[in-house]
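Sequences listed follow chains P and B, in order. Counting from 1, position 95 in the first sequence corresponds to residue 95 in this note's numbering; the numbering is continuous, with no gaps. Counting from 1, position 56 in the second sequence corresponds to residue 56 in this note's numbering; the numbering is continuous, with no gaps.
Quick list of the computed label-pair ranges, beta carbon to beta carbon:
id, chain 1, residue 1, chain 2, residue 2, range
1, B, Q54, P, R57, 32 to 40 Å
2, P, D33, B, L31, 15 to 23 Å
3, B, Q66, P, D108, 15 to 23 Å
4, B, D52, P, P31, 29 to 37 Å
5, B, G74, P, S71, 37 to 45 Å
6, P, D67, B, Q66, 41 to 49 Å
7, P, R37, B, Q54, 35 to 43 Å
8, B, Q54, P, L139, 13 to 21 Å
9, B, I94, P, E35, 14 to 22 Å
10, P, L137, B, V78, 29 to 37 Å
11, P, D98, B, Q66, 23 to 31 Å
12, P, P34, B, H64, 32 to 40 Å
Covered stretches of chain P, as calculated for chain B (at least 3 residues, CB under 8 Å):
id, region
13, 41 to 52
14, 127 to 136
A short, non-exhaustive set of chain P residues, derived as facing chain B with CB atoms under 8 Å:
id, residue
15, P29
16, L81
17, T85
18, R88
19, L139
Hints were generated in silico from the structure; no laboratory data involved. We treat Cβ as the ideally placed atom computed from N, Cα and C, and that holds for glycine.
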Amino acid sequence: MREVALPLLDDVLRELSGQDSPDERRYLPPPDDPELRETWIENLREDHHSDLAASRRLVQDPSLGTDEPLSIEPEAAESALRGLTAARLRLRELHLVDMTDSSLEEGDFEFEKLNSREQQGYLAYALAAALQENLVLLLGP
Amino acid sequence: MPMQPPAPVEVPEQKVKEKDELAKPWKVIVLNDPVNLMSYVVMVFKKVFGYDDQKATRHMREVHEQGRSMLWVGEREVAESYLYQLHQWRLQAILEQDD
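With the rest of the complex left out, here is chain P (with noise of 0.2 Å):
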């Protein structure tokens, strides 16, 4: 799993660092205050940028996936966190667009039935939504 999804994870946080913007109409402020739009907009893609930028120094740490532990400071940790589900997001869009919310939420699928694109993009949704789970844990309550 981690040969196939980490590449294609890091890929994906690569591409998505390329981008000006996380989707801008999913986050919005209201629509009746215009000036507050574009201060709005830049502040999230600043964000957006240094939230890819965790994630990917996650994903590229040799300790992951190894049995060496892995340091993280809490501020990354939450960095990395919002960074991964960028990830997700996108590959929802990128590899499991047929696949519908229900399915992927349950888990209620055959894996085999995936065509390969899909499979791939599932192992990689999957080893994001483990290292969320994780640093979630770390944050603690």
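Following the hints, position chain B against chain P.
Here is chain B on its own, set in the frame of chain P:
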């Protein structure tokens, strides 16, 4: 010289309406998102709104089962700040004015 009481000022109806509209509280609503993990959503609600585990979990379930959950009601400026934080965490959220 006796003081004259100030003449009553007539406020145009349109301005009164606008003032009433501005005074109405704003609701911060989070929308369902099939991608985000339940544990992640609970953690975000706790961080952003200071909810305890039970309240954050209740709102997470409401989003999951009903498609949306109202997380906060109040002044627009504060509501915008909460909305921004939810967007930072990549949650889909909107503001709606109270009816």
